[in-house]
Each structure stands twice: as C-alpha cells, then as structure tokens.
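Student: Sequence:
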Amino acid sequence: MSDHKGLMDGVYRYQRHIYDLTRKYYLLGRDGLIADLDVPAGGAVLEIGCGTGRNLIAVGKAWPRAALYGVDISEAMLATARACVAKAGIGDRVTLAQGDACGFDAQALFGRATFDRVFISYALSMIPNWEAALRQAARCVAPGGRLEIVDFGQQERLPGLWKRALFGWLGAFHVSPRAGLHAAVERLAQDVGGVAQSRALYRGYAMRGGLIRA
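Quick note on my numbering: the sequence shown kicks off at 1 and runs consecutively.
Keep in mind the hints are simulated off the structure, nothing from the lab.
Treat the hints loosely; a few may be bogus.
What the hints assert, rightly or not - For each label pair, taking beta carbons as the anchor points, the in silico distance ranges come out as:
hint: 1; residue 1: VAL192; residue 2: GLY91; range: 31 to 39 Å
hint: 2; residue 1: LYS61; residue 2: TYR202; range: 23 to 31 Å
hint: 3; residue 1: GLY32; residue 2: ALA165; range: 18 to 26 Å
hint: 4; residue 1: LEU158; residue 2: GLY42; range: 36 to 44 Å
hint: 5; residue 1: ASP105; residue 2: LEU161; range: 24 to 32 Å
To be verified - Derived pair list, reagent style DMTMM-like, types lysine to aspartate or glutamate, alpha-carbon separation capped at 25 Å:
hint: 6; residue 1: LYS87; residue 2: ASP31
hint: 7; residue 1: LYS163; residue 2: GLU131
hint: 8; residue 1: LYS87; residue 2: GLU75
hint: 9; residue 1: LYS61; residue 2: ASP92
hint: 10; residue 1: LYS61; residue 2: ASP31
hint: 11; residue 1: LYS61; residue 2: ASP36
hint: 12; residue 1: LYS61; residue 2: ASP38
hint: 13; residue 1: LYS163; residue 2: ASP31
For each residue, glycine too, the CB sits at the ideal point set by N, CA and C.
Using the sequences and the hints given, assemble the complete structure.
Tutor: Written out as structure tokens, the structure reads:
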C-alpha cells in the first residue's frame with residue numbers, strides 16, 4: 001500500500017489541480033453511470049477511488065437526500081476533494097477517508113460496513129491488484145444493493161492503431177485497461193450470489209459493468 005500511495009501522491013500532487021478539466025474529454029461514461037445509480041431515498045453511496053470528489057458532487061446534486069462517502073489512497077487527491085465538496089455546499093453530507101481500495105475497513109472509516117450503491121469510476125485501471133479491489137468493493141455492497149463500474153475498455157471496435165496509441169499514452173500515467181474485467185465481474189457475482197451485468201460503450205472505448213447483490 002505504501003508504495004502505491006506514494007506513487008499516486010506523486011502523480012497527483014500537481015495534476016489534481018487540473019484533473020477534472022483535462023479528464024472530462026476522455027473519461028467517458030461517468031455521468032451515465034451516475035444517472036443510472038437510482039439511489040433509494042435516504043440511501044448511502046460509496047465511491048472507491050473518489051479522487052477530486054467530482055463524481056460524488058454530481059451524485060449529491062442528483063440525489064439530495066443521499067449520504068455520500070468516498071475513499072482514496074492519495075491524500076493529495078483527498079485534499080482537493082475536501083475543498084471541492086465544501087465549495088459545492090455539500091460538505092455536511094460527504095465523508096471522505098484515506099484508504100487502500102484493496103483492503104479498507106469501512107466500519108472503522110465511515111461507521112458503517114455496507115452501502116446501497118458502491119461505484120468505481122476509472123480507478124481499477126490504476127490499481128495494481130485490481131481484482132482484490134473488486135472483491136473489497138463487493139463486500140461493501142448491502143443486500144439488494146449494487147456495485148457499478150466504468151473504466152477503459154479494450155477498444156475492440158476501434159482501429160488497432162488507435163488502441164496502440166491510447167494504451168501507450170495511458171501507460172505513461174500508470175493506467176492499464178483491464179482485459180479481464182468482464183470475466184472478473186462474472187466470477188465475483190457467482191461468489192457473492194449476485195447477478196452480473198456488463199456492456200461495452202462507445203465501440204469498446206469504455207466498459208460498464210457491475211453486479212446486483214442478492
């Protein structure tokens with residue numbers, strides 16, 4: 001954890017100030033995921049890898065009665081997130097904490113172990129042990145709740161030159177799109193007794209997936 005935390009703090013020490021402005025052009029599918037969350041009245045939403053808080057703010061605007069929680073490994077990003085949620089006027093509804101996506105104690109950090117909605121937006125491609133992060137996320141989903149994921153796809157319906165260029169560029173930022181993400185979600189759903197769902201977006205540029213827990 002300490003090595004990855006140091007890497008992420010180093011990557012985002014300065015990038016966090018321009019992160020949302022630059023990423024909005026290529027982190028596609030985030031707003032669609034948020035629009036589909038269908039948070040129950042008074043429900044609790046956890047974002048794993050919450051970054052600058054941009055997504056939690058959008059969730060807060062869409063569901064003004066929801067309690068919002070975010071965990072991130074980078075203290076640099078969390079500093080920006082705290083400032084952003086305060087500026088958005090929802091600081092009293094958002095609880096942020098530092099933790100490793102692969103193994104954090106939600107009860108200790110947030111005072112609750114499970115949430116009605118858990119989502120991960122473009123974070124699994126930056127987590128070395130991403131399958132452990134998926135398992136941790138599933139543990140945080142309440143019975144009847146949902147885990148939702150959006151991340152880079154395998155560009156399967158886009159030109160090979162595009163895929164090579166994109167993956168090479170992403171690699172410079174320690175981002176590795178996960179070819180096994182669909183299969184991992186399917187296995188996880190079987191393990192927890194849930195129902196998996198996934199689909200490609202934008203000709204395979206992005207992937208939406210997740211599970212509904214029984």
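Student: For each hint, tell me whether it holds in the structure or not.
Tutor: Here is how each hint holds up against the structure:
1. Here the CB-CB span from VAL192 to GLY91 is close to 33 Å, well matched to the stated 31 to 39 Å.
2. Checked against the hint of 23 to 31 Å, the pair LYS61 and TYR202 passes, with Cβ atoms roughly 24 Å apart.
3. The hint said 18 to 26 Å for the Cβ distance between GLY32 and ALA165, and at roughly 25 Å that hint holds.
4. Evaluation of the 36 to 44 Å hint for LEU158 and GLY42 yields a pass: the beta carbon distance comes to about 41 Å.
5. The beta-carbon spacing between ASP105 and LEU161, approximately 45 Å, falls outside the hinted interval of 24 to 32 Å.
6. Between LYS87 and ASP31 the CA atoms are separated by roughly 20 Å; this keeps the pair inside 25 Å, and the hint holds.
7. The suggested pairing of LYS163 with GLU131 holds, with an alpha-carbon distance near 23 Å, which does not exceed 25 Å.
8. Straight-line distance between C-alpha atoms of LYS87 and GLU75 comes to about 18 Å, which keeps the hinted pair within the 25 Å bound.
9. Annotation: proposed proximity of LYS61 to ASP92 holds, straight-line Cα distance about 13 Å (limit 25 Å).
10. Straight-line distance between C-alpha atoms of LYS61 and ASP31 comes to about 12 Å, which keeps the hinted pair within the 25 Å bound.
11. Restraint check for LYS61 and ASP36: the C-alpha separation of about 14 Å stays at or below 25 Å, so the hint holds.
12. With a C-alpha separation of about 13 Å, the suggested pairing of LYS61 with ASP38 holds against the 25 Å cut-off.
13. For the hint pairing LYS163 with ASP31, the CA-to-CA distance comes to about 23 Å; that is within 25 Å, so the pair holds.
Checked against the numbered hints above, the structure violates only hint 5.
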